[in-house]
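Visitor: With the sequences and hints as input, model every part of the structure.
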Amino acid sequence: MSIKEIQDEIVDEFSMFDDWMQRYEYIIELGKNLPLIEEAAKTDDNLIKGCQSKVWLQGQQKEDKIVFTADSDAILTKGIIAILIRAFSNQKPADILNADMDFIDEIGLKEHLSPTRANGLVSMIKNIKMYALAFDAKK
Numbered sequence: 001m002s003i004k005e006i007q008d009e010i011v012d013e014f015s016m017f018d019d020w021m022q023r024y025e026y027i028i029e030l031g032k033n034l035p036l037i038e039e040a041a042k043t044d045d046n047l048i049k050g051c052q053s054k055v056w057l058q059g060q061q062k063e064d065k066i067v068f069t070a071d072s073d074a075i076l077t078k079g080i081i082a083i084l085i086r087a088f089s090n091q092k093p094a095d096i097l098n099a100d101m102d103f104i105d106e107i108g109l110k111e112h113l114s115p116t117r118a119n120g121l122v123s124m125i126k127n128i129k130m131y132a133l134a135f136d137a138k139k
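In full-length UniProt numbering, the protein residues as written are 1 to 139.
Hints are computed from structural coordinates only; laboratory data are not their basis.
Since the model is a prediction, treat every value here as computed from it, not as a measurement.
There may be inaccurate statements among the hints.
[Said to hold, decoys possible] In silico DSBU-like cross-links for lysine-lysine, where the CA-CA straight-line distance does not exceed 30 angstroms:
1) Lys138 with Lys92
2) Lys65 with Lys49
3) Lys92 with Lys49
4) Lys62 with Lys92
5) Lys110 with Lys32
6) Lys42 with Lys32
7) Lys126 with Lys32
8) Lys4 with Lys54
9) Lys65 with Lys138
10) Lys129 with Lys4
11) Lys62 with Lys4
12) Lys110 with Lys92
13) Lys4 with Lys126
14) Lys126 with Lys138
15) Lys49 with Lys126
16) Lys54 with Lys92
17) Lys54 with Lys110
18) Lys32 with Lys62
19) Lys65 with Lys126
20) Lys54 with Lys129
21) Lys4 with Lys32
22) Lys92 with Lys4
23) Lys42 with Lys129
24) Lys42 with Lys126
25) Lys92 with Lys65
26) Lys129 with Lys92
27) Lys54 with Lys126
28) Lys110 with Lys49
29) Lys138 with Lys62
30) Lys4 with Lys49
31) Lys129 with Lys49
32) Lys42 with Lys138
33) Lys32 with Lys65
34) Lys65 with Lys42
35) Lys54 with Lys42
36) Lys65 with Lys54
37) Lys49 with Lys62
Guide: Below, the structure is given as structure tokens:
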């Protein structure tokens with residue numbers, strides 16, 4: 001699936017919920033299925049700066065795609081990074097770099113997060129794009 005198709009799928013899933021309490025519960029549920037980063041990779045190098053909670057993100061190149069793993073010490077944050085990994089893992093670096101981020105606004109995520117969590121979301125996206133940039137430059 002393309003990034004856009006996955007993002008559309010996520011938007012459709014979020015549109016099924018009537019209120020934000022249900023959406024928060026769904027985000028927490030998504031976090032439980034997050035492809036977890038190995039304990040040994042929970043280093044300062046993989047720690048995302050700018051997040052209220054601790055979030056570790058690692059990207060590894062497998063053939064011509066990037067596979068992301070992550071973890072967080074906060075259940076909501078774990079769900080947020082799980083959404084991003086679902087959209088961007090197993091994708092080509094150039095596709096990640098060119099991806100539209102409108103789906104975040106479409107599901108209303110940024111506006112329903114505290115300012116510090118919203119900043120963390122921006123930092124997570126930035127880190128994903130940095131991995132893509134680094135792997136894209138290796139070509």
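Visitor: Of all the hints given earlier, name the ones this structure violates by number, lowest first.
Guide: Of the numbered hints, all hold.
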